[in-house]
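Participant: Listed below are the residues making up each chain.
Number of protein chains: 2
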Amino acid sequence: MNGVASLSAAHRVAVFGGTHGNELSGIALVGLWLRDGAEIRRRGLEVRPFMANPRAVQERARYIDTDLNRAFTPENLSFQGEDLPYEVKRAQEINQIFGPMGSPDAYDVIFDLHNTTSNMGCTLILESSNDHFNLQMVHYIKHAVAPVTCSVLLNDHPRLHYSTTRSVAKHPIGLEVGPQPQGVLRSNIFESMRLILKHALDFIEHFNGGVEFLPCTVEVYRVVERVDYPRDSNGNISAMVHPDLQDCDWEPLNPGDPMFQMFDGRTVQYKGDCTVYPTFINEAAYYEKQQAFVMTKKETLNANGIKVTKS
Amino acid sequence: MNGVASLSAAHRVAVFGGTHGNELSGIALVGLWLRDGAEIRRRGLEVRPFMANPRAVQERARYIDTDLNRAFTPENLSFQGEDLPYEVKRAQEINQIFGPMGSPDAYDVIFDLHNTTSNMGCTLILESSNDHFNLQMVHYIKHAVAPVTCSVLLNDHPRLHYSTTRSVAKHPIGLEVGPQPQGVLRSNIFESMRLILKHALDFIEHFNGGVEFLPCTVEVYRVVERVDYPRDSNGNISAMVHPDLQDCDWEPLNPGDPMFQMFDGRTVQYKGDCTVYPTFINEAAYYEKQQAFVMTKKETLNANGIKVTKS
Ligand SMILES: [Zn+2]
Ligand SMILES: [Zn+2]
Chain S
1 MNGVASLSAA HRVAVFGGTH GNELSGIALV GLWLRDGAEI RRRGLEVRPF MANPRAVQER
61 ARYIDTDLNR AFTPENLSFQ GEDLPYEVKR AQEINQIFGP MGSPDAYDVI FDLHNTTSNM
121 GCTLILESSN DHFNLQMVHY IKHAVAPVTC SVLLNDHPRL HYSTTRSVAK HPIGLEVGPQ
181 PQGVLRSNIF ESMRLILKHA LDFIEHFNGG VEFLPCTVEV YRVVERVDYP RDSNGNISAM
241 VHPDLQDCDW EPLNPGDPMF QMFDGRTVQY KGDCTVYPTF INEAAYYEKQ QAFVMTKKET
301 LNANGIKVTK S
Chain P
1 MNGVASLSAA HRVAVFGGTH GNELSGIALV GLWLRDGAEI RRRGLEVRPF MANPRAVQER
61 ARYIDTDLNR AFTPENLSFQ GEDLPYEVKR AQEINQIFGP MGSPDAYDVI FDLHNTTSNM
121 GCTLILESSN DHFNLQMVHY IKHAVAPVTC SVLLNDHPRL HYSTTRSVAK HPIGLEVGPQ
181 PQGVLRSNIF ESMRLILKHA LDFIEHFNGG VEFLPCTVEV YRVVERVDYP RDSNGNISAM
241 VHPDLQDCDW EPLNPGDPMF QMFDGRTVQY KGDCTVYPTF INEAAYYEKQ QAFVMTKKET
301 LNANGIKVTK S
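So the sequences go chain by chain: S and P. Residue numbers for the first sequence follow our numbering, beginning at 1 and rising by one. Residue numbers for the second sequence follow our numbering, beginning at 1 and rising by one.
Do not take every clue at face value.
What the hints assert, rightly or not - Some, not all, of what chain S presents toward chain P, calculated at C-beta under 10 Å: (1) T117; (2) N188; (3) F263.
What the hints assert, rightly or not - Quick list of simulated restraints, FRET-style, between CB atoms: (4) S:E93 to P:L84: 35 to 45 Å; (5) P:E288 to S:N188: 36 to 46 Å; (6) P:T217 to S:K198: 49 to 59 Å.
Don't read these hints as lab results, they were simulated from the structure. Model, not experiment: these values are computed from the prediction. Even glycine gets a Cβ: it sits at the ideal position worked out from N, Cα and C.
Assemble the whole structure, with the sequences as input and the hints as a guide.
Facilitator: What follows is the structure in structure tokens.
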């Protein structure tokens, strides 16, 4: 055992756009590839572009009844009846087509394409620190796009983790690119997302083709806490993200640093006792989730070497 | 006659936020001033903060049934019955409270606070080149905020002009500040809007108090054309605003300059025969209006001197 694990080939890959119907980069890319898939074709791979929430895409809304990207709970996937919220029904359909979640029949990889209004640049989102296939993939992508930064967000927090659309696959991976306003398609964000996905598919093709990936380390930002906006006694927001924090995703926030600016001009400081790395700062979709930003801590993960199992 | 016109005092002023329910700067400011109006109080002035579309604000949507800021047509204002779209009913209410439009009872000034996803900075929007009170006001504001730029957009185009919420007042004036994503409140945009409104109210207080404003000139950008995104035969958008044009609101676009980037990488150039100044570039709300940007031409308007009529 030289630290190189043998893993099954990843033959079935899906690329989801429109899990949120107002995040236009993934919607435009998936729309493009549904019309002509040449760009995402790879040897020995089925790569399936898929519009995850077509009604929300039609409405240019995040969702119709409930957030699809929180809907993949065991309860939701097993509900029966006609009267279910649209996204719960859609979650069941997606689980049928690409799952069932946790089963051997599930797709190998689902890339889920998202945009954020935050200044996060390119961000890959992992749901587990033990998925060595995904760790090797993000390591590959980070190197492929350098010197451009591609950050890795790890959300396996017991309370803050949520039931994503991509969690149906064996290797779920989220791609979040910003800043881009909801309902807007910016060429720079579109092309960044397109490039990351190209490298991701290249990685899978190399892996399936027998390339051995050596043990490596990956720097990730682990979700540790969600921070809400300051609110008045009626629950209304009473402050804004401080200008010194706005757009500073992934930069260190130290004890005493300004965090919020009240409407009356006063500053609210960060009172924690250690440096954190805020991200999803002032994301439009998270106002309804009572979240001004997410605090993360920087961490280095070890990835096992991997190679494909000879069949 | 020395070019100084005598005008009635402007005693009744309204400040509208939330004409569009996802443009958060005006919504936050009006919310603040509804709780405590000290900041907008001025001698001899009634300044009334008003939430124009409270249901849309509640939903964080641009509108419920139809765009309130296009709803103030004579037909809409005279429709009767129960079954009207929400915004048509609301337009009638607003016309009753602040109008009737065109009557001596109408409010003197309505400031309507908007945000844009475009990189327009601070923009004052005029609907007429003959309203010398407004021309003097924008001249005053431009000087007060210098060296920060405050642009003036003139939309009195016979076909592209639309029936705004503020058009109920004798002197309607729009304030558009960006870039800010829909559903996001940014402190820099909020404070810019707050400052412009402060200067606007100062101007009215000075005018009412007897200060004489001398004849002057005002540089404006006049709306001349609306440009749609390139589309395929199914009506789907097939190109994005070109990176060389994105965020370049108010900058000259010359014949031959790139305008759009097709998804396949080809560039669409501007084929006109004279320099124009694009604005509202890639505004989220205008996708549904088939508008990628507005072309304007630069023009210098002459404003008469004004002073208040002695009562
Ligand atoms: Zn999303
Ligand atoms: Zn607006």
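Participant: Hint by hint, say whether it matches the structure.
Facilitator: Going through the hints against the structure:
no. : hint                         : result
1   : T117                         : holds, 4 Å
2   : N188                         : holds, 6 Å
3   : F263                         : holds, 5 Å
4   : S:E93 to P:L84: 35 to 45 Å   : holds, 38 Å
5   : P:E288 to S:N188: 36 to 46 Å : violated, 23 Å
6   : P:T217 to S:K198: 49 to 59 Å : holds, 53 Å
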